[in-house]
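Dock chain B against the given chain A, drawing on the hints supplied.
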Amino acid sequence: MSSSFLPLGSRDLLPTDLIKQEKLRHIVMDTFKSWGYQPVLPPTIENLDILEKGRPQFVRETFKVIDRDGQLLALRPDITLPIARLAATRLSQVERPLRLCYTAKVFRQSPHLSDERREIYQAGIELIGCKSTDKVYSLGQINKANLECISILLEVLEKAGLTDYKIVLSHIDLWKYAGEIFHRVEEFLEVDLEAELDAILRKGDFIEYQKAIAQAEERCQKSLKASKEPSELKACFESSLQDTPLNYLKKACFELTGEPIKILDYLDHDSVIYKELLAIVSLEEIFGKDKFIIDFTMRPDPNYYTGLYFEVVIPNTGKAIGKGGRYDNLMSSFGQSEPAIGFSLQVDSLLRYAKPDKYNELVEDSKKMRIPTQDNNPEALIHSIKQSMSLRTKNPIVIID
Amino acid sequence: MLYKKNNYRIAIPKGALFQGSCEILKKANLEFDSQDRKLILETNEANIEILLVKPIDVPVYVENGAADLGIVGSDILGEHYTETLTLMMLPFGHCELMMAVPKDSPIQSLSQTPDYCKIATKFPKLTRLFFRQKGIPIEIIELNGSIEIAPLTGLSEAIVDLLATGRTLKENGLIKLETISKHSARLIANRVSWQVNHDWILKILTAINSANNL
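From first to last, the protein sequence lines stand for chains A and B. Counting from 1, one number per residue, gives the positions in the first sequence under the working numbering. Counting from 1, one number per residue, gives the positions in the second sequence under the working numbering.
Chain A extracted, bound-state conformation (with noise of 0.2 Å):
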């Protein structure tokens, strides 16, 4: 190959993308500091371990170095590993919440062939641990964490000059809902069928999951009739699988999206997810309306995810610009288990999907002055190098021609 192309997925960005890119990163930090985040930036290089600890199925997608000694070390694929890794070292004795904010490269070799990008820049923020001195969150403290991140996101978006965005809201424990028939189901046929349907909805194939759900339905159908349980529980249990929770499940790849209100009242008013996502959408009242759609069926990854997950989606383009969300147990892979919230955008899609006249401005505005010299005369040089310092504290650029 021609040593004049870029490697696959890279870029060179040009001044005016620099300078557009520049003044977006201003407006996203000082809306993250304002909040009273604080910035870091973790080494662009990482030990592979520190992936395979934290998410291991990220590994696919990282490009891997290797140093003088052997070692294998990762182009951070992510900024959330090393920042927990920060969280739990260097940063472990300073005073929680940890408020932290970024805008740094990420380094991925995307593995369908739709994105080739492979150096993604990202803004975002994570917010770790909580002020009281229990491991684990009372509801007002997740309301409190959940209700900072999405204002904060909101806030951004509106500021980058965002108009036309949907926030789409999913959380980890939509089974719970439905948990009293899954425990049912599974202690009878001692299959996951919980992890089963969450697994194939990821893969977003609904036929697939009707089909597995009518399965369940006939081995459970199958297990009663040659079961010896003492007929009451068969009866009770015959009852519960007409009944609304296998209809429920079987129904609820199709209805569980949509507007908030319609899918709230699905939900157990009492459940904590239902508290949670209410608590959420009631940003409305500061942000406007229209700004949430909740969307069961896409499912977080339940490796890392262990609570409320959100992505940001711009209609009629089929992709999302930015996700965040819970991640209690990543902390505890590097040794001190603490909840944390976070989120992350790609700077390039803001760019891209910003009312377009929000960047333009500021390099269409940069008037040059410029002031005529001559080369061959020292004395004229260093008389137009001092002038045009002087007219540079009037002026922004000032140019010796």
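Calculated from the structure, these hints are not laboratory results. It should be emphasised that the depicted structure is a prediction, and the values quoted were computed from it without experimental measurement. It cannot be assumed that every hint is accurate.
Derived lysine-lysine pairs resembling DSSO-like cross-links, with alpha carbons at most 30 Å apart [to be verified]: (1) A:319 x B:38; (2) B:26 x A:211; (3) B:203 x A:289; (4) B:26 x A:251; (5) A:166 x B:203; (6) B:134 x A:211; (7) A:319 x B:203; (8) B:203 x A:323; (9) B:14 x B:170; (10) B:27 x A:250; (11) B:54 x A:319; (12) A:211 x B:125; (13) B:203 x A:203.
Here is chain B on its own, set in the frame of chain A:
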């Protein structure tokens, strides 16, 4: 710049699934002129458009949000990974992916397939998967059409291709050896459309469902 799309769009494939797609949408009360030579068709619903694209491009339009819904064969979904939602099975476009050989081939059953057997196909991913599961190493010759002539010209020893009626096989002196997978039409959706335009998509789903059950 963000392209503004104001209408709902359904991408349907030209070719074998075209007729079935038109019929199912008509049953769901979406009328449009399928004789038209245009590629974007208006429907009786002012805010719904039909896109006519190559079958293989249907998931591409849907994945990227240029179409909200699409109709596509499960063979294409299996062969080309795309991040779309597969909503439902549609009752047409039934066919099977199968392995075929010339009538007088020394291979008369799957177990007689020699190591590194040359197999011509349009479906390298599904073919490779099948033979890996069987533990048979093969050599794939990737073609884009007229697969049946590959073994007749010495290009390959066998083929893997879709079979709907079996006529083309017979006319070219080939016989079916083994079924690899069965396929039919699917309704797919863009995930963000599913989230943002959920009520509209459910309406279409319900209309198709009740038309199917009649």
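Results for each hint:
no.: 1; hint: A:319 x B:38; result: holds, 29 Å
no.: 2; hint: B:26 x A:211; result: holds, 27 Å
no.: 3; hint: B:203 x A:289; result: holds, 24 Å
no.: 4; hint: B:26 x A:251; result: holds, 25 Å
no.: 5; hint: A:166 x B:203; result: holds, 22 Å
no.: 6; hint: B:134 x A:211; result: holds, 25 Å
no.: 7; hint: A:319 x B:203; result: holds, 23 Å
no.: 8; hint: B:203 x A:323; result: holds, 29 Å
no.: 9; hint: B:14 x B:170; result: holds, 25 Å
no.: 10; hint: B:27 x A:250; result: holds, 25 Å
no.: 11; hint: B:54 x A:319; result: holds, 23 Å
no.: 12; hint: A:211 x B:125; result: holds, 24 Å
no.: 13; hint: B:203 x A:203; result: holds, 23 Å
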